[in-house]
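Please assemble the complex out of the two chains, which come individually in their own frames, going by the hints.
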Amino acid sequence: MSAVEFKGYALTDPSRWNDLKVSSFQPKTFAPDDVEIAITHCGVCGSDVHTLTQGWGESKLPLVVGHEIIGHVTRVGDKVKEFKKGDRVGVGAKIGSCMQCRPCKSDYENYCPKSISTYNSEYPDGVVSQGGYATAIRAHQQFVFPIPDEIESRDAASMMCAGLTVYSPLKTYGTGPGKKVGIMGIGGLGHYAVLWAKAMGAEVYAFTHDKSKMGDIKKMGADHIINTEEKDFFKPLANTLDLIVSTRDVFSPDTPLSDYLSMLFVHGKFITVGIPDANQPLPSLHPFSFASNGCLIGGSSIGSKKDALDMLELARKKNVRPWIEEMPMKDVGKALQNVKANKVRYRYVLTQDLN
Amino acid sequence: MSIPEIEFKGYGMISTDPSMWSEFQVVPITPKNFGPHDVEVAIKYCGVCGSDVHTLTGGWGKKPDVPLVVGHEIVGHVTRVGEAVAEFKPGDRVGVGAQIGSCGECRVCKAGDENYCPKMIHTYNGVYPDGVRTQGGYSTGIRAHEQFVFKIPDGLELRDAATMTCAGLTVFSPLKVNGCGPGKTVGVIGIGGLGHYAILFAKAMGATVYAFSHSASKEADIRKMGADFVVSTHDLDYYKPLQGTLDIIISTIDHFSPDRPLKSYLSMLRPHGRFVTCGLPDADNPLPTIHAFDLMYNGCYIGGTHMGSKREAIEMLQLAADKGVKPWIQELPMSQAKTAVEGVKTGKARYRYVLKQDLVNYD
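From first to last, the protein sequence lines are chains A and B. Letter 125 of the first sequence, counting from 1, is numbered 125 in full-length UniProt numbering, and no numbers are missing. Letter 166 of the second sequence, counting from 1, is numbered 166 in full-length UniProt numbering, and no numbers are missing.
Derived coverage of chain B by chain A (criterion: at least 3 residues anywhere in the stretch with Cβ under 8 Å from a Cβ of chain A; other residues may be distant):
| no. | segment |
| --- | --- |
| 1 | 102-111 |
| 2 | 261-272 |
| 3 | 276-286 |
| 4 | 295-305 |
No lab work stands behind these hints: they were computed from the structure. Every residue gets a Cβ at the ideal spot worked out from N, C-alpha and C, and that includes glycine.
Just chain B, same shape as in the assembly (with noise of 0.2 Å):
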């Protein structure tokens, strides 16, 4: 295919007004200044994710500038390289999740953890230091360090792909992290983008898994997706008899409620067994109270995450070939933006939409 040149555009939020958080406008992008160690992609697919919606509603705190351009579940084929690059060349197959910088010198990029690096930056809503902002996928085009450009492996559909560079890593990291394998048992809370990620790859991880939903209309498919059990959290006493079952639980909720309090999910756990919350709430939302009883009974641990590395979205995407890992996608036109985030702010999703690139065709 010949190499296009792209120009930088993309639908973006354009008023400050809390009540047009989803209103849409083709704006123009500056791009991040091309360096050695830059990727080009002209972008194919963006899935939407529940970051989008909690930037461009405001609820993470950080009044948003407008114009935005959110999207961090990128994938698309690279136009160009730097001449640092050797990874990559023109024409792959690439991805780019919610990380799009890191400082590269400290003891934690340094130990390939780029995703806690304290000066890290994100694909949207962030800055470089130069100045530029960095805008996401809901648009034509993007670039990126290497570091955080992920190839895709044959196998791997790029619509599928996509969603994996947040949703999926989000929960692949915290399951590898806390040793999800064969011989254990993993919880997983809330069956939505995440939810439904965390049931497909800890089941071709080899564990045993327990999927506990509020939806009894998503039963069905929670039971296609391979999980072992479905809980249904509508009956206050669910956790009662699952005492002391879980190795891990991997919790996608997105709201704490005061009525589900944090100790009925430790309970749960085996003695240091591992509750990690991925679902990363408004900043008015904290945890549900805990006294340190709540965490002695089994010597638990909880938790949080944020993003993955490099290193574990490579080792996620080979899995996801290998096992033939297929999530359950929506597909829309990204014109259509305004419709996904509403469905996602509104639990509509069936399991993750992704929108399909509109702005320029690179076929």
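In isolation and in its complexed conformation, chain A is listed as follows (with noise of 0.2 Å):
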């Protein structure tokens, strides 16, 4: 029996909302498919902000959140053959599902209609899930991803969420030599957008409306490099991309999502994984828009453990490394502070400091 302590950065207080503060919490009640897990590394992402702003609606209290995890298997449940005490592993933004609807057994548990997430969602018996900014967590097996060798623990941090979640609409479309691939927003997902999509061969266009970012987004690999700031930038791109990985955060009713529409090649896909705050729905569409080219737009959430133990060969495969900045977890209200005003360069990753 392991003598793990549970305790986190946690948010008390919504009005302060990146002022956290570290307290004990109930961890998942441990069952026979769970890993436990002692945190080393946290990444910081985009929920996390949308999350304690209460910017998604009002979230639980006390709340810790993160959902970037690595750490070492503590211990495991009688039903788990996969792990071990001191494998090195991962965890992302969800936590668990029901694993009998068709979703589940079709290997995709992330849309299962029941999935639990990391933080802020309640277990069936009332427990509260609490994230990764703290000392350990519990999860079911089917969510814990083993960590390659060659891969660090403070790389492989950000793949949990950011990387996956542009990781699956990639492989999901195709992604791959041949493919002309936009990805739009250079952040945390989308400079892992442009990493992945280098790495499984395809041509990557990358928008940005930061023009200070592009000699970055250049040594990412990418192709091309399109300022949205500019007038009509999306005009010699007619008719072109075969798939455009949207991590705009931000919509308004001005946002020119028909414009983005129109560089896609016939039947090509817009996927937004950025989740703006509740109150900014998607702007205005008319069937027009999707009438000249038969294209679709889509969501996509997170990724499967397929997708995931996938993104990690590739990453291992390919020694595709993000750029990150650590920092430890008692400095977890900065970080926060410059997610939310567009500074991190181009994600963070909190290394546990509670034990």
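Below, the structure is given as structure tokens:
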């Protein structure tokens, strides 16, 4: 029986959304399929900001967020064969699902209608799921991913959500040699999308409004960089792209979504992985916008374990390394503030410092 | 049969007064300048499409020039062909749909998706590069580039094939593109001209079909069309028991209402399922508001579609001939076009009007 102590940096007062206080919390009730993990690293995700600021709705309190988790296994339940004590593993944005429905049985557990998020969700027995800005976590083995030896923990951390969230639609679509892929917004998720799409052999068009990022984006490997502040930037690219993965996190009624759609080749897809605050719907669309190229707009929700293992294998094989900034977990308030203000280049990773 | 010389004339709208949108008079037509790749067709039948109504009323935003002859569900016999045409000969039974030209050279055209060519020309209310306006099939004849002419297989009656050239193709294309077939479950929303074809073709392609309609009076017909399940959308919670059921939704909704949020339809999709809007409402009627959350829960897609390619048209017509697909049509003489277009506007068609050309007898 391990003596892991569960405590983390928690939200207690929503009016001070990034002022997190160290608190103990009740972990998931340990079950035969579970893996218990002592956390060493946790990345900072836009989801953490949307949740803490209450932008996505009222959150539970107190709440420990963070879902880009790396650590070492401390104990496993009797039904767990894949992992043993000491293994280096990761956990992302989902931590449970029903395991019985059709999506769960088809390697789409991330789309289970009863899926449980790593934080701010409730288990059937009433325990609230608490995230990775903490000393430890327990997760069902389906949501625990083994980390290849060649990938350092600090690099693997943000792959658990940012990396996976863009890898999944890139893979689902068939990104590879001969495909032209547009990535909109080059932040945490967007920079991963550039790195993966290049590693998968595609031709990459990176779209950004931030001129200061262009040198970096070139180094990340993008074949073309387009400044979206330029008038009519989309016109030369009409009917060109097979896929656009958009990490846009903010939508207004003026967001020119139909201009973005016009850049797609026939039956091309625009996938938004960016999820804005609840009060920001997509801008108005008329079927005319789809009729000109028979395009589709879609969404995507993180990725399955199958996607995660493929992604980690790609990272290992092609030596993909994210652009991260590391800091001790006690500085999480500053990290959150900077993510909200778009200052991060390109993902923060917190090193656990509570024990 | 002897090959007739066509006198091009048709039933056209002649007034831009909005209250006169369904008043037709016989008008002469300047046909396309005949070229080496062209096929000339003596028209026997023309179907009546929602597009005809949207165009005549100005609802789609482009105020039509008059006189305007609409109609793009055309079937008839070939009268003559240009020197470069090898596929057709005089006497052939053929159809022409909603598109009549494209550039032929761009990446899209070369991929066989000419219905998405940025320089596409529509069968009516369009204009050729030489300035000739395109006029449609409520008329005696039409000339079209061979890429836009489809041979009608033996075993398919002309009057049945007519409405396949637009209504049929407009739903067949997304069914095909989105993988309709055995093992797939397809939802069809709105059972009118397009919707009834979606049921017939989805069944012919081997899928399981859920039909959604707000008209209780159509239920018996819908079952006869072959739908496996009929869902009344009167009950506002109709979609709840169907969460995660459908692979593809073909929506023929022609007018979006704010009490029907898109996410209720989207919730019925399986992971990575697709909602395709075939209906093109008036310009001032956009899709209901969606939030990125609505697309995230099941990683679904919303898409659109525009007519279909020749490759798809040929496949569709052959499928119809092989499987005995018979549309539910109501035939009227072409002189009664007013009755037909007004019937379409008020949702009266059961399920598609076909006008029999009555200006010239070619038999």
